[in-house]
Amino acid sequence: MNVEARQLVREGRARTKIIDVDIHPKASVEDLRPYLSARWWDHLQTYGSRSRQGFAKGFPYPKSQPLASRRDSWPPGGGLPASDLAFMRQQHLDFYGIEYAIMNPLSPTGQGDQNDELSAAMAFAANEFELDGWNARDPRLIASVVIPYEDGEASRTEIRRRSGDRRFAHVLMRSRTCELMGKKRYWPIYEAAVEAGFPIGVHVFGTSGRPASNSGWPSFYIEDMTEHAACCQAQVTSLIMEGVFERYPDLKVVLIEAGFAWLAPLGWRLDKIWKRLRDEVPHLKRAPSEYIRQHIWVSTQPMEETDEPGHLIDVMNWIGWDRFMFASDYPHWDFDDPLVSLPPSLDEARRNKIFAGNARALYRFT
Amino acid sequence: MAGYVVATIDEIPPGARKLVEAGGRAIVVYNLAGELYALNNRCPHRGGSLFDGIQTCLVESKEPGRYRASRRGEMVKCSWHGWEFDIRTGKSWCDPGKLRVRQYPVSVLPGNELQEGPYVAQTFPVRLEGNYVVVEA
Chain U
21 MNVEARQLVR EGRARTKIID VDIHPKASVE DLRPYLSARW WDHLQTYGSR SRQGFAKGFP
81 YPKSQPLASR RDSWPPGGGL PASDLAFMRQ QHLDFYGIEY AIMNPLSPTG QGDQNDELSA
141 AMAFAANEFE LDGWNARDPR LIASVVIPYE DGEASRTEIR RRSGDRRFAH VLMRSRTCEL
201 MGKKRYWPIY EAAVEAGFPI GVHVFGTSGR PASNSGWPSF YIEDMTEHAA CCQAQVTSLI
261 MEGVFERYPD LKVVLIEAGF AWLAPLGWRL DKIWKRLRDE VPHLKRAPSE YIRQHIWVST
321 QPMEETDEPG HLIDVMNWIG WDRFMFASDY PHWDFDDPLV SLPPSLDEAR RNKIFAGNAR
381 ALYRFT
Chain C
5 MAGYVVATID EIPPGARKLV EAGGRAIVVY NLAGELYALN NRCPHRGGSL FDGIQTCLVE
65 SKEPGRYRAS RRGEMVKCSW HGWEFDIRTG KSWCDPGKLR VRQYPVSVLP GNELQEGPYV
125 AQTFPVRLEG NYVVVEA
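Protein chains in written order, with this note's numbering: chain U, 21 to 386; chain C, 5 to 141.
Looking at chain U on its own, in the form it has when it is part of the complex (with noise of 0.2 angstroms):
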């Protein structure tokens, strides 16, 4: 009922183009099996996967909500949040009227998998699977090339192997990754994925095998949640300061979930203080801030929500208006509703950026 409620607000308005650039449909290891060799398969049943962490099942920490997922979620049918295509469809594409979704595969992918053979065999089954899950049975529906990040190589193999594919549209990494971004172990991904013409997707979480936090493990799933935000600070200050960009001029990151009112002030300190030190990089060209304007990319879920609505518009300004790219994070409990998550100050011109526009230019969506 409350559904019916609110597809009367959504009707009442001018019809938004909505492309989401998150969302998370889930998938079994036995949906995977087909494009396992019987090598692999064997081994996950014998041996199990390897997380780089010690909790069997990767959950650190209770995530307020069961399986993470709004607890309406759950499909009717039976089965898991966002393993029916029916019911995502029903709450969440038709709803919304969404035109193009991303699909972020999160578990199984094998990613951050401490046997690198094991996490690339089922890398490539993931992308298998959103292709013939979920494209082939809605097109709307748009993969993402997992890859075995922890292993440039095989990820390098990964990418070209669906280089030139339309039905992805990023590749996609976790943002704790074992070593920090700009590493050089990382710099295959980067070349493949500027030459297949691919932005690159981090998403928030994975197990580095490191604490979340520089100075050891959080007690509170919160202190985990916002642990993001330094996390990503870290991870774009490691690709400017190696000099990523200025090795790979058309590389585009995309920084999911992980918001975005941090970037302003990270541009600010950087430049401050590269102005005293920058003969120690004097590989980079230009100011810090002007990389983190060329090549970053935000989702917009979720949205920092500031007392004082000017104080996000303020940030939103230094990022740039052509940066925002609307996710919903669908099905998860910190879910983005579109029709009430962006300012509503914003005018009809941003709105529709944010909404469709900033990543049908960056994904080249026709």
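Hints listed in this document are in silico derivations from the structure and should not be mistaken for laboratory results. Just so you know, even glycine gets a beta-carbon here, dropped at the ideal spot from N, CA and C. One thing to keep in mind: the hints can contain errors.
Taking CB as the label site, the calculated pair distances span [to be verified]: (1) U/G229 - C/E39: 33 to 41 angstroms; (2) C/P109 - U/D327: 26 to 34 angstroms; (3) C/P109 - U/S365: 31 to 39 angstroms.
Mind docking chain C on chain U? Use the hints.
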């Protein structure tokens, strides 16, 4: 406000809740140990369904490491972002001054005292037996 018949009392026993429609609004009727409360189903934060949220307790803490849980089942936690509201008052626990769920008076009337409006009769079949639950909306 007008009275709308939304249920019979035996449909909402103590501890239960029911999603109803009254005056074109989706409303959740809660029975807390025999006392009826009705909240707008639409969470004032971002519009999530309160009916799909869990009923939980009030957790308080005077200092880190000491916790007290009370009023079991008397708080509702939104199905989306987890905002908590006091079912008895509609007040948000996190920010009670700013965010409050719209609350509607609920009463139970014996069947023979009921004045039915035509809209209610059209929308909700009313059972002749038992007592009717009426939502003012």
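So, going through the hints one by one against the coordinates:
no. : hint                                : in the structure
1   : U/G229 - C/E39: 33 to 41 angstroms  : 52 angstroms, violated
2   : C/P109 - U/D327: 26 to 34 angstroms : 33 angstroms, holds
3   : C/P109 - U/S365: 31 to 39 angstroms : 36 angstroms, holds
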